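Build the full structure now, drawing on both the sequences and the hints.
There are 2 protein chains.
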Amino acid sequence: MANLKQLAQSLGLSITTVSRALDGYADVSAATRERVRQAADQAGYRPNASARRLRKQRAELVAVTLPSEPGHIGPAHFLEMLSGCAEHLATAGLNLVIAPVPSGESELDMCRRFVDGQRVDAMLLVRTKRRDERVEFLQSRGIPFVTNGRTESAIQHPFIDGDGLSGFHQATLRFQDAGHRRIGHIAGPQDYFFAHERKKGWEMAMRDRGLPADLCVEQAPTEQGGYEAALAMLNRPDRPTALVCATDEMAIGVLRALREVEGGDTISLVGHDDLPIGSFTSPALSSMRMTGGNLGRSFASLLLRTIAGEPAEKLQELHAIEFVDRDSHQRSSPAK
Amino acid sequence: MANLKQLAQSLGLSITTVSRALDGYADVSAATRERVRQAADQAGYRPNASARRLRKQRAELVAVTLPSEPGHIGPAHFLEMLSGCAEHLATAGLNLVIAPVPSGESELDMCRRFVDGQRVDAMLLVRTKRRDERVEFLQSRGIPFVTNGRTESAIQHPFIDGDGLSGFHQATLRFQDAGHRRIGHIAGPQDYFFAHERKKGWEMAMRDRGLPADLCVEQAPTEQGGYEAALAMLNRPDRPTALVCATDEMAIGVLRALREVEGGDTISLVGHDDLPIGSFTSPALSSMRMTGGNLGRSFASLLLRTIAGEPAEKLQELHAIEFVDRDSHQRSSPAK
DNA sequence: GTTGACTCCCAAAACGTTTCGGATGATATT
DNA sequence: AATATCATCCGAAACGTTTTGGGAGTCAAC
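Line by line, the protein sequences give chains U and S.
Sequential numbering from 1 applies to the first sequence in the numbering used here.
Sequential numbering from 1 applies to the second sequence in the numbering used here.
Quick caveat, the hints were computed from the structure, so don't treat them as lab data.
Quantities reported herein were computed from a predicted structural model and do not represent experimental measurements.
A few of these clues could be false.
Stated by the list, open to error - Ranges of calculated distance between the beta carbons of each label pair, as one might list FRET restraints:
#1 U/Ser140 / S/Asp23: 28 to 36 Å
#2 S/Lys5 / U/Glu105: 51 to 59 Å
#3 U/Gly142 / S/Arg305: 35 to 43 Å
#4 S/Gln38 / U/Glu105: 20 to 28 Å
#5 S/Gly292 / U/Arg37: 42 to 50 Å
#6 U/Arg305 / S/Arg236: 54 to 62 Å
As the list claims (entries may be wrong) - Some residues of chain S that are not near chain U, with every Cβ distance over 12 Å (derived):
#7 Pro75
#8 Ile98
#9 Ser103
#10 Ile155
#11 Leu165
#12 Arg181
#13 Tyr192
#14 Glu317
#15 Leu318
Think of the CB as a built atom: it goes at the ideal place given N, C-alpha and C, for glycine as much as any other residue.
This is the structure:
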């Protein structure tokens with residue numbers, strides 16, 4: 001409501017002094033500072049955001065791009081992560097704006113809009129592709145950004161990622177140790193870094209034991225995708241006895257397929273992401289998850305540090321994957 | 001990168017003319033307009049957002065408050081709704097910022113921060129309570145806002161809501177028509193408007209047929225809450241034969257309880273929200289959903305219209321509820 | 001009584017845009 | 001030939017803040 005000029009006038013002080021008093025500068029006497037603070041409190045004064053942003057040449061905003069895949073925007077806990085991120089950013093005076101890609105516009109155009117209009121101080125990119133044009137653009141412009149998931153970019157950039165390769169490697173080995181030989185992989189779209197990495201982990205484990213890595217179907221990372229991929233795979237004569245699934249959402253679709261095909265209830269399954277819903281499926285879904293605590297907070301911290309100018313090399317977090325043992329990974333001993 | 005001054009200089013024009021040319025005013029000749037546009041395009045010029053916001057006294061931002069209930073932020077499709085809203089707002093030059101409530105701060109303080117700092121042109125409130133202090137505050141300040149869910153506020157305000165009372169009334173009647181007499185309700189927290197409304201619908205239907213409305217347990221609107229509520233209700237001697245559940249998430253918890261108690265597989269169940277996951281549970285979850293198409297887009301439209309000054313009375317949408325028949329609502333004929 | 005240090009305060013510029021109120025010629029009207 | 005009309009353009013103010021570069025006054029030291 002009120003602005004600095006009015007506040008200054010009512011106090012018989014200059015705008016400068018009021019501004020500096022509120023910012024706690026030492027060159028205003030303690031008495032005046034207190035008097036100003038009281039008046040500001042009482043008037044409910046808050047500095048006008050646009051004016052400060054203009055003057056300080058900072059947008060006080062960070063944008064997160066939302067993928068526009070039809071009907072699917074990311075795992076169910078994604079919003080929770082964003083919320084944590086926004087909350088932590090807010091302590092530094094930054095707000096988080098969500099930036100879905102409008103139909104008819106590319107993700108690149110959207111980044112451009114935000115960057116060239118100086119609407120943001122940094123960006124958060126999710127669902128990175130192996131070769132990601134958003135990353136290339138932001139690097140060329142020198143805008144700070146952090147990605148959720150690595151890329152194959154030649155230039156380093158800050159990221160947080162789970163070590164999906166190791167995770168899927170280990171998970172596949174576990175199935176092998178339990179006696180499984182025909183272990184299938186329900187893969188996500190291979191242009192996504194995470195999906196490619198998880199598939200490589202599975203492949204590596206199969207090769208480790210001299211087994212063929214041929215039971216693989218690629219599909220959209222959704223319940224429906226998992227369902228369709230599983231149906232396709234289970235109709236093969238060399239049907240797998242265990243499935244390693246790129247995401248929990250796909251795994252939930254797989255569960256449905258397992259209920260529908262004969263003998264499906266003997267097939268073991270593990271997903272990835274540890275969605276809360278996993279405890280409530282039937283059978284309860286075994287899964288994997290990234291270690292490392294509050295993800296949103298970590299993103300916020302990385303964003304703040306990259307804005308502050310820390311080098312990318314120090315802002316890369318690769319977290320180990322841990323297993324979440326529930327029921328679906330040991331439904332029966334593998335036949336033959 | 002470039003600003004108006006540089007652009008004007010390089011064209012040998014005044015700042016005024018360049019600005020007006022880009023905004024398509026009629027008092028700059030077609031030839032100059034074209035010349036300016038070309039130069040602007042080529043320089044990748046975008047007006048500085050902060051400067052425009054300051055000058056136009058508009059924040060070009062809308063904030064949506066995120067509930068801070070521990071571990072739960074809303075139904076799984078909530079982000080999708082936000083994305084649709086953000087996308088539509090963007091066509092009017094507005095961005096959507098997400099505003100989680102920091103720990104130690106009330107939702108009210110948060111609204112205050114946004115409003116008094118003139119950081120937003122409007123707010124979107126979700127998970128409204130029957131008596132909602134955020135609503136009261138925004139009304140007192142005269143800031144445009146739209147709510148997801150009605151309130152009991154004496155003053156009208158724009159909202160979008162589903163007619164939960166009718167929906168739950170109808171659903172309960174359907175169970176009665178199928179022969180059920182003991183129909184329970186798994187209720188959400190009653191200070192939420194939607195939860196209260198849904199319970200009233202169930203109660204009304206029970207009373208319609210002279211049945212007691214005593215089989216009701218209130219719990220957190222989460223899978224866990226539904227699970228616990230169901231366990232409590234199923235251990236009663238007068239165990240229900242059918243359950244009407246305030247949300248799908250609670251219903252998914254109920255499904256788990258039904259698997260764990262003896263005879264649980266004969267109990268019918270319906271939820272509300274039509275989460276995508278409902279097709280993939282076992283049994284597939286019958287549900288209800290609000291009619292009315294793209295919810296996010298509707299919110300955006302209401303927000304724009306209330307910012308434009310349309311009266312609240314014209315900005316209230318109460319949508320009918322439709323049923324989504326899958327398997328869980330007819331698991332067996334009711335015993336006795 | 002001059003100098004220097006120190007405390008407290010302020011005028012003015014700057015951030016980049018939009019917009020108000022003309023100014024300047026050229027053309028049409030009387 | 002004077003006047004009105006029109007098409008183009010522009011200077012300057014304004015939005016509300018932060019920050020630069022002092023200015024005035026007090027006090028102590030020389």
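*Beyond 12 Å from chain U, beta-carbon-wise, is S/Leu318?*
26 Å, holds
Measuring Cβ to Cβ, find out whether S/Arg181 lies farther than 12 Å from everything in chain U.
28 Å, holds
- Message: Tell me if the beta carbons of S/Gly292 and U/Arg37 are separated by a distance inside 42 to 50 Å.
- Response: With a Cβ separation near 49 Å, S/Gly292 and U/Arg37 satisfy 42 to 50 Å, so the hint holds.
For this session: Compute the least Cβ-Cβ separation between S/Leu165 and chain U, then decide whether it is above 12 Å.
Result: Given a closest Cβ separation of 28 Å, the condition holds.
* Is the Cβ of S/Ile155 farther than 12 Å from every Cβ of chain U? -> 20 Å, holds
Consistency of the no-contact label for S/Tyr192, given chain U and a CB cut of 12 Å: Given that every Cβ of chain U is farther than 12 Å from that of S/Tyr192, nearest at about 19 Å, it holds.
*asked:* Does the beta carbon distance between U/Gly142 and S/Arg305 stay inside 35 to 43 Å, or does it fall outside?
replied: 40 Å, holds
Point to revise | Non-interface claim for S/Ser103 versus chain U (Cβ beyond 12 Å) | key: 8 Å, violated
### Task
May I ask you to test the hint 20 to 28 Å on the CB atoms belonging to S/Gln38 and U/Glu105?
22 Å, holds
Does the Cβ pair U/Ser140, S/Asp23 satisfy 28 to 36 Å?
-> 29 Å, holds
- Message: Within 51 to 59 Å: is that where the Cβ-Cβ distance between S/Lys5 and U/Glu105 falls?
- Response: Violated, at about 29 Å.
Is the nearest Cβ of chain U still more than 12 Å from the Cβ of S/Ile98? 5 Å, violated
The structure does not agree with the numbered hints 2, 7, 8, 9 stated previously, though it agrees with the rest.
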